[in-house]
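**Q** For reference, the chains in residue letters:
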Amino acid sequence: MPAGIWAKCPRCRNLIYRKELERNLKVCPKCSYHHRLTAVERLEITLDENSFQEYDAGLASTDPLGFESYPDKLSEAQAKTEQAEAVLTGEGTIEGWRTVTGALDFYFMGGSMGSAVGEKVARAAERAHAQRLPLLIFSASGGARMQEGVLSLMQLAKTSAAIGRLHDAGLPYLSVMCDPTTGGVTASFAFLGDVILAEPGALIGFAGRRVIEQTIRRKLPEDFQTAEFCLQKGLLDMVVPRTEMRSALSRLLAFVGAPRLVPVQIEPAPAAQP
Amino acid sequence: MTERRPSPAADLDRQLADLEQEIDRLRRRSREHSVPVDAEIAPLVERAEQLRVQIYTHPSPWHIVQLARQSQRPRLLDFLGTLCSDVMELHGDRLYRDDPALLAALARFNGQPVVVIGHNKGKDTKENIARNFGMPYPEGYRKALRAMRLAEKFRYPVISFVDTPGAYPGDEAEERGQAEAIARNIQEMSRLRTPVVVVITGEGGSGGALAIAVGDAVLMLQYAVYTVISPEGCAAILWHDASRARDAAAALKLTAEDLHALGVVDEVLPEPFGGAHRDPDATFATVREALQRHLQALRTVPIEVLLDRRYEKYRRMGRILEESTQSIE
Ligand SMILES: [Zn+2]
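Protein chains in written order, with full-length UniProt numbering: chain X, 1 to 274; chain L, 1 to 329.
Source of the hints: derived by calculation from the structure; they are not laboratory data.
All values reported here derive from a predicted model rather than from experimental measurement.
Treat the hints with care, as some may be off.
As the list claims (entries may be wrong) - Restraint ranges, calculated between C-beta atoms of paired labels, are given here: (1) X/L15 - L/R14: 55 to 65 angstroms; (2) X/S75 - L/E257: 27 to 37 angstroms; (3) X/E54 - L/A297: 35 to 45 angstroms; (4) X/H167 - L/Q112: 24 to 34 angstroms; (5) L/Q15 - X/S75: 33 to 43 angstroms.
Even for Gly, the Cβ is constructed at its ideal location relative to N, Cα and C.
Here chain X stands alone, though its shape is the one from the complex (with noise of 0.2 angstroms):
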């Protein structure tokens, strides 16, 4: 992103200075526009401070099958983000209240779901079961990773069916989708959370509104796959503000029964009987 004094709201067009965009979590003081956050940023307004232990950082796409300038995608991804990969995952406190959390990140290639994505956040999945604990991710994502091919596809399956096993132990999983959730990730985990939420104005769909205007030959009304649109459709549970996402997630958390953070309770072990 760049950096300056001023940031240009893309929808309002007024100039905004930068740190009072930051200070309101990036969302437009004149228009609340939803600006598009990093998985960091994301994370870093999310959990409570200093509670992020982040899994698997070290784990990474490869390049199977031999795609023309995917390696330089990668790279090109990694040095702009710092990141490794397109989803950030980990263990982290909303309120005090414990969670696995994964935020997938937008700028890292369109946050496409390859190999190490899908791996991700099944993995996340696999903790949060192991746990106990909720998971919760935040989605923002143009769809699966075509240079990948099938595998990217296969993600999918890989994801989901982690998700199953966790919904099979009773365990929570809230989704959170954010600009833009489309494509593959619409088709698995983002639209399989327990409680669906979504930030306001965010783009979600399956197919693209270009392959659609083509398909159907009309235009598509503006607001076509927008937050408000797929609620009123009855596709999401709720629409809430950035600025009021941490106190409704609490209450989420607090409503399924997250366990909460408190000082370890260490219990005497029983004394052995003779």
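Mind docking chain L with the ligand on chain X? Use the hints.
**A** Frame of chain X; chain L with the ligand shown alone:
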């Protein structure tokens, strides 16, 4: 690799297309002017056939895409009619409507009850318009899930035939939750408490295919394709040039042979020379034998073992790099 020199395969294609055009032109002239042209046409027809043999002896990925889309390729109804008896079609998702692009049926395979689902592509324009070219709406996927639930209830195996360009990309499909319907099916198939055998017979178009393609055994006809995006779509996005679909077809590794090597497909079912439509009976026999073998093997596996195996199979799919192998648990 980025420069645009026609490959030898592209050259053969052009020659064949030119010949076919010439043959057509002569035939039209013959009809319009009632002049006999057989003597002129015969060598051209022979040459065209030679070219076809040349092309299909070692078909390129792009040729395989053409074979997978071949209009006379055996369709779901052909497989169902030949391989199954006592077929009773089920209709509707109980929520919105009956989607003709996706078929669900109760049937018997070798006398044993099974539930069959599949993309219902047609063979001509009329059939295809009626069945939306085998591109389901969410209600199609939800009908399939309903049928699979029935199979689970009675512990009958599911046989799923995959042949779709993709899920229908329309506004109503989006509004009714295309993504949710696909996600739901994928998740439920990963833990359906009955054996699932999938046969990819033609086009395995991305999420719209996977929505009925998670199973214990995934079989694929030799000249079917299975891909995360169409070669045309891939070329358009990557190179802003849909005409580079041929290159994309090779890059995407979408053939049965490639996918078997990548561990996505469990078995490749050989096709007759030149494609399944050249000898449908041979194709049916191959599919029948394979289905029989897999269903037999799966029938004896205890359900918990079956579910663990299915989970592990998908859990392992993909290739990753891992810096350190220290375990967190
Ligand atoms: Zn603004």
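**Q** All hints, please: hold or fail.
**A** Status of the hints after comparison with the structure:
In this structure the hint that X/L15 and L/R14 lie 55 to 65 angstroms apart at CB holds, the actual value being about 56 angstroms. Between X/S75 and L/E257 the CB atoms are about 30 angstroms apart, so this pair conforms to the stated range of 27 to 37 angstroms. Against the hinted window of 35 to 45 angstroms, the Cβ-Cβ separation of X/E54 and L/A297 comes to about 42 angstroms, which satisfies the hint. About 31 angstroms separates the C-beta atoms of X/H167 and L/Q112, a value consistent with the hinted range of 24 to 34 angstroms.
Checked against the hint of 33 to 43 angstroms, the pair L/Q15 and X/S75 passes, with Cβ atoms roughly 42 angstroms apart.
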